Amino acid sequence: MENINLVAALSRWIHFMAGVMWIGLLYYFNFVQVAALKNAGADGTAAGITKHVAPRALLFFRWAAVVTWLAGAALLGPLFVDAFLLRNGMGPIGIGAWLGTIMLFNVWVLIWPNQKKILGMTPASDDEKNAARRVAFLASRTNTMLSIPMLFFMANGWSHRALFGL
Amino acid sequence: MILARGYPTKMVNYLEMGERTMKNPLDSLWGTVIAGVVLTAVLVVFARNFLG
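Residue numbers (the numbering used here), protein chains in the order written: chain A, 24 to 189; chain B, 97 to 148.
There could be a bad hint or two in this list.
[Stated by the list, open to error] A partial selection of chain B residues facing chain A, derived with a Cβ cut-off under 10 Å:
1) T117
2) M118
3) G127
4) A131
5) A137
6) V138
7) F142
8) L147
[Claimed, not checked] Here are the simulated DSSO-like cross-link-like pairs (lysine-lysine), alpha carbons at most 30 Å apart as the crow flies:
9) A/K61 <-> B/K119
10) A/K152 <-> A/K140
11) A/K140 <-> B/K119
12) B/K119 <-> A/K152
13) A/K140 <-> A/K74
14) A/K74 <-> A/K61
15) A/K61 <-> A/K139
16) A/K139 <-> A/K152
17) A/K61 <-> A/K140
18) A/K152 <-> A/K74
19) A/K139 <-> B/K119
20) A/K74 <-> A/K139
[Said to hold, decoys possible] If you want the footprint, here are the derived chain A segments under chain B, 3+ residues with CB under 8 Å:
21) 38-46
22) 107-115
23) 147-154
It should be emphasised that the hints constitute simulated quantities derived from the structure, not laboratory data.
Computed from a predicted model, the values in this text were never measured in an experiment.
All C-beta atoms in this analysis are idealised placements derived from N, C-alpha and C, irrespective of residue type, glycine included.
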């Protein structure tokens with residue numbers, strides 16, 4: 024029993040730390056970098072961001088997403104299936120888990136491969152780069168939008184239990 | 097000829113008539129945040145009414 028509690032405590036701790044890094048960097052990209060790059064492009068200083076800041080931020084961003092999801096799965100433990108099937112009182116946290124999973128998919132399938140083209144890590148023509156820019160932007164904005172209900176349902180404390188009649 | 101009177105052949109420019117094109121809310125930060133809050137409200141209603 025003590026071991027189970029220790030695993031849950033460690034999982035929750037890691038889930039929170041990695042989650043703060045993931046969503047913090049997501050908000051940095053959307054609330055800071057997009058607007059900053061627009062201004063930096065105008066005065067020719069964008070390379071400072073695209074060469075030195077963005078690749079490093081993306082590294083921590085995408086791996087923090089993986090660690091957050093794995094720690095969340097470990098935290099759910101035997102309730103993992105109940106959460107994803109939204110049953111046995113695990114509906115609200117399950118909604119949060121589904122939103123987080125969709126966001127992880129967006130990071131690895133839509134954002135990262137397209138960012139690699141934009142940053143020149145994989146070869147791409149100008150047209151491909153422009154298309155990649157739009158896909159990565161919309162996927163990133165979608166994740167920002169999804170993070171709002173995701174964080175609401177993840178904070179599944181007593182106030183939420185009362186709200187959902189659990 | 098009678099039928100033709102009911103079907104104008106001239107193309108109508110709806111933009112000139114004041115109709116606005118729909119924009120993607122995710123193109124603006126405010127649109128993104130508002131869409132997230134609306135989605136939260138929709139999911140809360142769903143969770144309260146359809147989940148056990």
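Consistency of the hints with the structure:
A cut of 10 Å between beta carbons decides the hint on B/T117: the least distance to chain A is about 17 Å, and the hint is violated. Given hint, B/M118 at the interface with chain A, is violated; its Cβ is 15 Å from that chain's nearest Cβ, farther than 10 Å. Because the beta carbon of B/G127 sits about 9 Å from the nearest beta carbon in chain A, less than 10 Å, this interface hint is met. Hint status for B/A131: holds, given a least beta-carbon distance of 5 Å to chain A, under 10 Å.
Among the interface hints, the one on B/A137 holds; its C-beta lies about 9 Å from the nearest C-beta in chain A, closer than the 10 Å criterion. With a cut of 10 Å, the hint placing B/V138 at the interface with chain A holds, because the nearest CB-to-CB distance is about 8 Å. Satisfaction of the interface hint for B/F142 is found here, the shortest Cβ-Cβ separation to chain A being roughly 8 Å, below the 10 Å cut-off. Interface restraint check for B/L147: the shortest CB-CB distance to chain A comes to about 3 Å, inside 10 Å, so the restraint holds.
Between A/K61 and B/K119, the direct Cα distance comes to roughly 20 Å. Compliance with the 30 Å bound is thereby established for this hinted pair. With a C-alpha separation of about 6 Å, the suggested pairing of A/K152 with A/K140 holds against the 30 Å cut-off. With a C-alpha separation of about 26 Å, the suggested pairing of A/K140 with B/K119 holds against the 30 Å cut-off. For the proposed pair B/K119 and A/K152, the alpha carbon gap of about 23 Å is at most 30 Å, so the pair holds.
Proximity of A/K140 to A/K74 is assessed by CA-CA distance (about 13 Å); at most 30 Å being required, the pair is judged to hold. Only pairs whose Cα atoms come within 30 Å are accepted, and A/K74 paired with A/K61 is accepted, the gap being roughly 15 Å. With a C-alpha separation of about 19 Å, the suggested pair A/K61 and A/K139 falls inside the 30 Å cut-off, and the hint holds. With a CA separation close to 9 Å, the supplied pair A/K139 and A/K152 stays within the 30 Å bound.
For the given pair, A/K61 sits about 18 Å from A/K140 by alpha-carbon distance, which is consistent with the 30 Å threshold. For the hint pairing A/K152 with A/K74, the CA-to-CA distance comes to about 16 Å; that is within 30 Å, so the pair holds. Taking the CA atoms of A/K139 and B/K119, the gap is about 27 Å. The hint holds against a cut of 30 Å. The hinted pair formed by A/K74 and A/K139 meets the criterion: a straight-line CA distance of about 12 Å does not exceed 30 Å.
Requiring three or more residues with a Cβ within less than 8 Å of a Cβ of chain B, the coverage given for the stretch 38-46 of chain A is violated, as only 0 such residues are present. For the stretch 107-115 of chain A, the proposed coverage by chain B is satisfied: 6 residues have a C-beta within less than 8 Å of a C-beta in that chain, meeting the threshold of three. Under the rule that three or more residues need a Cβ within less than 8 Å of chain B, the assignment of the stretch 147-154 of chain A is violated, with 0 such residues.
Violated hints, listed in ascending order, are 1, 2, 21 and 23; each of the other numbered hints is respected by the structure.
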